[in-house]
Amino acid sequence: MASKKQFVTGALVGGAAAGAAAFVLCKYLQKKTEKEGEKKPEKEGSQIDKLGLTYGSGKLTLSYGFQSEASTQAQHLDGNAENDDSVTSATSIMYTYTDEAPMLATHAFYPIIKAFCTNADIDVQLKDISVAGRVLAHFPDYLKDDQKVDDILAQLGELAQSGNANIIKLPNVSASLPQLKECIKELQSQGFAIPDFPEDPKDDKEKGIKARYAKVLGSAVNPVLREGNSDRRAAVPVKEYAFQYPHSMGKWIPESRTSIRCMKDGDFYSHERSVRVSTACEARIEHLSAADGSITVLRPKLTLQVGEVLDASYLDCALLCDYYEECIQEAQASNVLFSLHLKATMMKISDPILFGHCVKVFFKDLFAKYSDTFAALGVNANNGLG
Numbered sequence: 001m002a003s004k005k006q007f008v009t010g011a012l013v014g015g016a017a018a019g020a021a022a023f024v025l026c027k028y029l030q031k032k033t034e035k036e037g038e039k040k041p042e043k044e045g046s047q048i049d050k051l052g053l054t055y056g057s058g059k060l061t062l063s064y065g066f067q068s069e070a071s072t073q074a075q076h077l078d079g080n081a082e083n084d085d086s087v088t089s090a091t092s093i094m095y096t097y098t099d100e101a102p103m104l105a106t107h108a109f110y111p112i113i114k115a116f117c118t119n120a121d122i123d124v125q126l127k128d129i130s131v132a133g134r135v136l137a138h139f140p141d142y143l144k145d146d147q148k149v150d151d152i153l154a155q156l157g158e159l160a161q162s163g164n165a166n167i168i169k170l171p172n173v174s175a176s177l178p179q180l181k182e183c184i185k186e187l188q189s190q191g192f193a194i195p196d197f198p199e200d201p202k203d204d205k206e207k208g209i210k211a212r213y214a215k216v217l218g219s220a221v222n223p224v225l226r227e228g229n230s231d232r233r234a235a236v237p238v239k240e241y242a243f244q245y246p247h248s249m250g251k252w253i254p255e256s257r258t259s260i261r262c263m264k265d266g267d268f269y270s271h272e273r274s275v276r277v278s279t280a281c282e283a284r285i286e287h288l289s290a291a292d293g294s295i296t297v298l299r300p301k302l303t304l305q306v307g308e309v310l311d312a313s314y315l316d317c318a319l320l321c322d323y324y325e326e327c328i329q330e331a332q333a334s335n336v337l338f339s340l341h342l343k344a345t346m347m348k349i350s351d352p353i354l355f356g357h358c359v360k361v362f363f364k365d366l367f368a369k370y371s372d373t374f375a376a377l378g379v380n381a382n383n384g385l386g
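Numbered per the UniProt record's numbering, the sequence shown spans residues 1 to 386.
Among the hints, a few may not be true.
[Said to hold, decoys possible] With a cut-off of at most 27 Å between alpha-carbon atoms, the simulated DSS-like pairs for lysine-lysine come out as follows:
id	residue 1	residue 2
1	Lys144	Lys207
2	Lys210	Lys185
3	Lys127	Lys202
4	Lys207	Lys348
5	Lys169	Lys205
6	Lys210	Lys181
7	Lys148	Lys169
8	Lys144	Lys239
9	Lys148	Lys239
10	Lys369	Lys210
11	Lys202	Lys215
12	Lys144	Lys185
13	Lys360	Lys348
14	Lys169	Lys202
Please keep in mind that the hints were generated in silico from the structure rather than gathered at the bench.
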């Protein structure tokens, strides 16, 4: 019997990443066809011999087949196969539609994935979790019937907990307030009658609107789909591998002027207080204004169980600004870059405020010179300058 060889070939326009992914899909189809060949043997000596991908004249064609000494069988599948009612789905993959560069990549690459997987009896569904899609999902009562969309993120969250999820999650925007406002403005210009974002709610209705929009701000997707911000535990095999093959941090250069600075007093750490609840009770969270002593109820009812730990803290903004000034002056004297690291997308309330204070300290001369102009324009340092 003549010797046989197995190979996979592919020609794809779209870059190395797309080509690599296409190659993976080719290998999957190759294995799938091999299994089918085991179930339904072809002529003696037949085997997978060729799996090819070509693109031309606006049409994507995938071909695979069996070759033996005397005969060749080939089946050609094209990008239009998804419209073929004879194709049945054995499983499903959820492919997320997001924003910016990943969204553009989706328009280029998703049709290719769809073409491959459809012909492998895999159902691929595009799921919109973009900022605009999530905004619309939270305001069905403001939309016409033909404008309403499902809460796809919530649905994917339930699917992720089911144990049967196949979700391809693309990078998504952790939307800042300026980005959210631009999104709202764009949606309104397209005929979606959603409300404006109320920065300073005047009544319960506006408070409810702000609370809905808050669900879209920051890192809203990862906690739902993969608990990416709340669960940082490493799997045991990962830990064992790290112990066995520790990562080398390289040699420290004594001449390096890099230094890390932290507040020594007045921060959340120095003011933290905790209490263990001895009896079940209800509590409320209040804010006491240092300016006039007024009290604002932030949360009217908080149910506590026996043994729970109630923790609270605050940060002194005056000391924070002094700390910023000290660090900026030290960096300037040492001729090094001043860098501030915050997690504003996750710490949605506190970190934008911390960032705003830094902006005002860094540009203190600018804010002092144009204070009246900035006030008239409604400049909010928490959103940065740019």
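How the hints compare with the structure:
no., hint, in the structure
1, Lys144 to Lys207, "holds, 23 Å"
2, Lys210 to Lys185, "holds, 15 Å"
3, Lys127 to Lys202, "violated, 36 Å"
4, Lys207 to Lys348, "holds, 17 Å"
5, Lys169 to Lys205, "violated, 34 Å"
6, Lys210 to Lys181, "holds, 12 Å"
7, Lys148 to Lys169, "holds, 23 Å"
8, Lys144 to Lys239, "violated, 52 Å"
9, Lys148 to Lys239, "violated, 46 Å"
10, Lys369 to Lys210, "violated, 33 Å"
11, Lys202 to Lys215, "holds, 20 Å"
12, Lys144 to Lys185, "holds, 18 Å"
13, Lys360 to Lys348, "holds, 19 Å"
14, Lys169 to Lys202, "violated, 38 Å"
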